[in-house]
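Protein chains in written order, with this note's numbering: chain A, 29 to 143; chain B, 238 to 349.
Just so you know, the hints here were simulated from the structure itself, not pulled from any lab data. Idealized CB from N, CA, C, for every residue including glycine. Wrong hints could be hidden among the right ones.
[What the hints assert, rightly or not] Simulated crosslink set (DSS-like; lysine-lysine; CA at most 25 Å straight-line):
hint : chain 1 : residue 1 : chain 2 : residue 2
1    : A       : K52       : B       : K336
2    : B       : K348      : B       : K336
3    : B       : K306      : B       : K348
4    : A       : K96       : B       : K286
5    : A       : K96       : A       : K106
6    : B       : K306      : B       : K295
7    : B       : K336      : B       : K259
8    : A       : K106      : B       : K336
[Said to hold, decoys possible] Far from chain A, by Cβ distances over 12 Å, these chain B residues were calculated:
hint : residue
9    : K259
10   : S263
11   : L284
12   : I288
13   : E301
14   : T332
15   : D341
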Amino acid sequence: DAGVIQSPRHEVTEMGQEVTLRCKPISGHNSLFWYRQTMMRGLELLIYFNNNVPIDDSGMPEDRFSAKMPNASFSTLKIQPSEPRDSAVYFCASSESRFRGSPLHFGNGTRLTVT
Amino acid sequence: AQSVAQPEDQVNVAEGNPLTVKCTYSVSGNPYLFWYVQYPNRGLQFLLKYITGDNLVKGSYGFEAEFNKSQTSFHLKKPSALVSDSALYFCAGNTNAGKSTFGDGTTLTVKP
């Protein structure tokens, strides 16, 4: 089991540029989550998918953020245009199902720096 | 509404001593509670969970947690701390829809 794989591990970009973060969930997991972690705000849930369908995107900060899950093994989080306040560590996590008892399996994150 | 709270930002213990990291919860209905650990530059790792049954739950790396319904608490414990246990610990609760609500985290430092 390779775990949840995120790429890139680090991304440095200039304000106004488009940023795309990628995630490969654990095979067989039906739910996928995108989180953002900052010192000030802690862990924030941005969006989550079940069976590739977005279920709740109420945590997406604004229209500059979008997420897709074209198939069960791949998801992207896009920021366009990026701003310095988007600097954070972005985590992808997957779980076996929407069952309340399913724990989350996190990737190692993408550290985004927007200058 | 559902929430979990970790009242301590930081916990310091000496190696070999017992450790406790506190968590309280506020949920409607039956709580589904979790503990995760985060090491530097890594994602969160699942330690243990409480769904139903015994109030004392055992998990990875010798950790356990005690569910207390009357005190609405789910404290993480370990009988003998190791320096390698030093990390950031998160308590979380799951909603009916499978969404996780995380506490703000507690930094555990174990000193040799």
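We went through each hint and held it up to the structure:
1. A:K52 to B:K336: At roughly 19 Å apart (the allowed maximum being 25 Å), B:K336 and A:K52 satisfy the hint.
2. B:K348 to B:K336: Given that 25 Å is the threshold and the Cα spacing comes to 35 Å, the pair is violated.
3. B:K306 to B:K348: violated, 32 Å
4. A:K96 to B:K286: Violated. A:K96 to B:K286 sits at ~30 Å, over the 25 Å cutoff.
5. A:K96 to A:K106: Within the cut-off at roughly 9 Å; holds.
6. B:K306 to B:K295: Distance of about 17 Å is within 25 Å: holds.
7. B:K336 to B:K259: holds, 21 Å
8. A:K106 to B:K336: Status holds; Cα separation ~21 Å.
9. K259: holds, 17 Å
10. S263: holds, 16 Å
11. L284: violated, 9 Å
12. I288: B:I288 not clear of chain A: closest Cβ-Cβ about 5 Å, inside 12 Å.
13. E301: With a cut-off of 12 Å, B:E301 remains clear of chain A, as the shortest Cβ separation is near 16 Å.
14. T332: violated, 7 Å
15. D341: violated, 5 Å
Violated hints for the displayed structure, listed by number in ascending order: 2, 3, 4, 11, 12, 14 and 15.
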